[in-house]
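Number of protein chains: 2
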Amino acid sequence: MYQPAGNCLIGQSGGPTSVINASLCGVIKQALNTNMIHRIYGAVNGIEGILERKIFDFCTQLKTRKDLDLLKTTPAAYLGSCRYKLPAIDADTHAYKELFDIFREYNIRYFFYIGGNDSMDTVMKLSTYAEKISFPIRIIGIPKTIDNDLVGTDHTPGFGSAAKYIAATVLEVTRDSYVYDLNSVTIIEVMGRNAGWLTASSALARCEYNNSPDLIYLPELPFSVEQFIRDIRTVQKHKKNVIVAVSEGIKNECGKYICEAVNDTKTDMFGHATLGGTGKSLEHIVKANFQAKVRSVELSVLQRCAMHMASKTDLDEAYNIGKEAVNTAVKGLTGRMMIFNRSTAPEYKISIDSVDVRQIANAEKKIPREWINEQGNDVMPQLIKYMKPLIQGQPDLVMRDGLPIFLTLDTTTFLPNKTANAV
Amino acid sequence: MYQPAGNCLIGQSGGPTSVINASLCGVIKQALNTNMIHRIYGAVNGIEGILERKIFDFCTQLKTRKDLDLLKTTPAAYLGSCRYKLPAIDADTHAYKELFDIFREYNIRYFFYIGGNDSMDTVMKLSTYAEKISFPIRIIGIPKTIDNDLVGTDHTPGFGSAAKYIAATVLEVTRDSYVYDLNSVTIIEVMGRNAGWLTASSALARCEYNNSPDLIYLPELPFSVEQFIRDIRTVQKHKKNVIVAVSEGIKNECGKYICEAVNDTKTDMFGHATLGGTGKSLEHIVKANFQAKVRSVELSVLQRCAMHMASKTDLDEAYNIGKEAVNTAVKGLTGRMMIFNRSTAPEYKISIDSVDVRQIANAEKKIPREWINEQGNDVMPQLIKYMKPLIQGQPDLVMRDGLPIFLTLDTTTFLPNKTANAV
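Protein chains in written order, with this note's numbering: chain V, 1 to 423; chain Y, 1 to 423.
One or more hints might be untrue.
One copy or two, either will do: identical chains are not told apart, so a pair holds if it fits within one copy or between any two.
Simulated pairs of lysine-lysine, DSS-like, Cα-Cα distance not exceeding 30 angstroms [to be verified]:
no., residue 1, residue 2
1, Lys312, Lys66
2, Lys237, Lys280
3, Lys85, Lys323
4, Lys287, Lys85
5, Lys256, Lys293
6, Lys54, Lys293
7, Lys239, Lys66
8, Lys239, Lys54
9, Lys85, Lys293
10, Lys287, Lys256
11, Lys349, Lys366
12, Lys280, Lys293
13, Lys54, Lys237
14, Lys63, Lys239
15, Lys365, Lys293
16, Lys85, Lys331
17, Lys280, Lys256
18, Lys251, Lys280
By construction, these hints were calculated from the structure, which means they are not laboratory data.
Can you build the whole structure from these sequences, using the hints too?
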């Protein structure tokens, strides 16, 4: 088999997570272990950054082993991110030509892209184009999203840590709401446009001494305001303090976002609706219908990179999937996304493999209907069983003065533009 | 000196904190150590609960040493809370008579009340009434508030943990906002009606690799929208991602809450304005004036009892002040609030003492003007130096399945009402 030795380039894309840099750290460590990879380059702000030649050599950044270890426990994309979407190859090859010129210039033979759904679209398109022009490069996608909405993998790195933070926060908010001897309704709004995994993770807060949240509404099923009001009345029959977890993306039977009643829905550059105000909308509805103290809490960006409450399981898995991505590429595979396979007997265990990225890109994994209860206001035990192993363990963070230390990128060390220099 | 042996009663009041139960734990442990105290009773929902005879014997609740240890790391008021305010003694002694009948019935000779400003008002009034009717009881207030707004003490238990959570969260949100290569303004709304201590704690997020938040607005100074817009423009000259920390309680020059422009201000039962929407109001202002991605994040109740990011220093101090409260009462003092004195040479050290509660009740400690910069948009180094020791150290939480275990009150074990039984 033709084994191209050369340099590798790593980029990150999509929303931040607590463990995206653990995957980056895994790629770097394994790249250091193979003779097939010479220089290890990083691209700042993903594909968009490559086009702007924001490329550096990791040896100018991570000078000690300590730096590399610190990278593992640094949340949010160390390399920065982008939301750049490549055009269809048939439509416009301009950006592709430019990117592959840069790959050629820096002798890039391995490209690792850590990201979510849109990033896998990039991996798919670039590997297709490479094949088309017979460019010897291995392009591997490493999954990353708190949303857990990628198909083909048991779960995504990043989800476990967000789920753990959400569960811990719901547990604490529940305790907070219980201290006063009065009727209250607390609505906790969780991220998730179309898939309810994050909102479902609120159910992990339940334990022998806590049975909240009392109601969970996921975007997989249509949301009925009338049913919502009836549900709260039912809970109030045996409980003063009602805790509701709700996805930002719940929609009514016509498919309209609930929060549209309050805010005009705007869309981001990918055509996704940018949401907000779902909790606040429900707060107004409850206030109008109940005599109770009503509060809505939006977990907002806090849930995306709360490294201080990350899952060690998630962190280690993210690191390992990064390492395996290098092995997969060196073996000669390209156009693949790394995945987790789960075995549950006798206990939770993950093996890492890869699948054709064309099976992944632009598909969305939602919660199966049978993992949601019949009434559509709670999750089933199978879903809790699925999520529980993912939030286990606490990572050891490097702390100073009571706060975690994180690593920051020095953006003053970009590689020279050889082409421009040659001119 | 007349040393009344008898039973003790403990209550909690005001808003939840991460460490209010550490103080409760300290009182119980020291009460177990003294012969002067026989039974240790708890009142559920503070003064209001005593009037409803929601009183139990701790030996029915905390059955093992493990339970007692778990109480120390359980956030939010274990005993529940209330917002009941006693009338002036001159105006109406009805509630006082009822309370002291109950104290007499259960042979209460020690009453410990853990709470904030309003709770110290209760301690003051009850001790004054006890003196008036020559009732042999020692009443001690144990401070507790995340707001750090009690006078007479260097700081309040609860503040350090909230400050640590806020600083860690600001650090993480800052990292989150930096990943995209675009102009952004992120506004983080922090609790604090009149005192800006919590908002100021966002400055603790600054370190060698992070200089955000870039702007800090405290309720101690009038807020000018025009100045705010100018301040953001100034920061934007050298920074793409602007991070603003703002107190919920900022007011304009006329003393009107900024958020009044959006929401009608309502008041709670103490006459305090219930705020919200300050961050959102500023978000709208920034959106109208800047071409940038604008987001507001409200830390809401999350900052009140985030035990998962508590300060060990705060937790230990809260525990110790509870223990010392018992010693103070047994020594024969009454109508006192426990306080911290700080010595800073050669290093941060706290000694515990008590002061006459009349010096404390209904007064409010704000940030001194000289600890805020001249422009009113940042804090001075002295303030950071004051706060830094309070957030040190991580408590060991008991974890199970990736989440902390907390202790919950069993409310089925209330003491019998002897008077009612006798009838």
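How the hints compare with the structure:
1. When the C-alpha separation of Lys312 and Lys66 is checked against a cutoff of 30 angstroms, the pair qualifies both within a copy, at 19 angstroms, and between copies, at 26 angstroms.
2. In this assembly of identical chains, the alpha carbons of Lys237 and Lys280 lie at most 30 angstroms apart only when taken from the same copy (24 angstroms versus 34 angstroms across copies).
3. For the identical chains of this complex, Lys85 and Lys323 are intra-copy neighbours only, at 26 angstroms inside a copy versus 61 angstroms across copies, given an alpha-carbon limit of 30 angstroms.
4. Taking the shortest Cα distances, Lys287 and Lys85 sit within 30 angstroms of each other only across copies (26 angstroms), while inside one copy they are farther apart (42 angstroms).
5. In the homo-oligomer, the alpha carbons of Lys256 and Lys293 lie at most 30 angstroms apart both inside one protomer (28 angstroms) and across protomers (24 angstroms), since each shortest distance falls under that limit.
6. In this homomeric assembly, Lys54 and Lys293 come within 30 angstroms of each other (Cα to Cα) only across copies, at 22 angstroms, whereas the closest approach inside a single copy is 51 angstroms.
7. For the identical chains of this complex, Lys239 and Lys66 are inter-copy neighbours only, at 28 angstroms across copies versus 51 angstroms inside a copy, given an alpha-carbon limit of 30 angstroms.
8. Taking identical chains as interchangeable, the C-alpha atoms of Lys239 and Lys54 lie at most 30 angstroms apart only when they sit on different chains, with a minimum of 18 angstroms there against 56 angstroms within one chain.
9. Taking identical chains as interchangeable, the C-alpha atoms of Lys85 and Lys293 lie at most 30 angstroms apart only when they sit on different chains, with a minimum of 19 angstroms there against 45 angstroms within one chain.
10. Proximity of Lys287 to Lys256 under the C-alpha cut-off of 30 angstroms is found in both arrangements, the shortest distances being 22 angstroms within a copy and 25 angstroms between copies.
11. In the homo-oligomer, the alpha carbons of Lys349 and Lys366 lie at most 30 angstroms apart inside one protomer (22 angstroms), although the nearest pairing across protomers, at 54 angstroms, exceeds that limit.
12. Proximity of Lys280 to Lys293 under the C-alpha cut-off of 30 angstroms is found in both arrangements, the shortest distances being 14 angstroms within a copy and 21 angstroms between copies.
13. Taking CA atoms no more than 30 angstroms apart as the test, Lys54 paired with Lys237 passes between copies only; the shortest distance there is 22 angstroms, against 60 angstroms inside one copy.
14. For the identical chains of this complex, Lys63 and Lys239 are inter-copy neighbours only, at 26 angstroms across copies versus 57 angstroms inside a copy, given an alpha-carbon limit of 30 angstroms.
15. For a Cα distance limit of 30 angstroms, the shortest separation of Lys365 from Lys293 across copies, 29 angstroms, qualifies, whereas the shortest one inside one copy, 36 angstroms, does not.
16. In this assembly of identical chains, the alpha carbons of Lys85 and Lys331 lie at most 30 angstroms apart only when taken from the same copy (28 angstroms versus 73 angstroms across copies).
17. For the homomeric pair Lys280 and Lys256, the shortest alpha-carbon distances inside one copy (16 angstroms) and between copies (24 angstroms) are both at most 30 angstroms.
18. Taking the closest pair of Cα atoms, Lys251 and Lys280 come within 30 angstroms of each other both inside a single copy (15 angstroms) and across two copies (23 angstroms).
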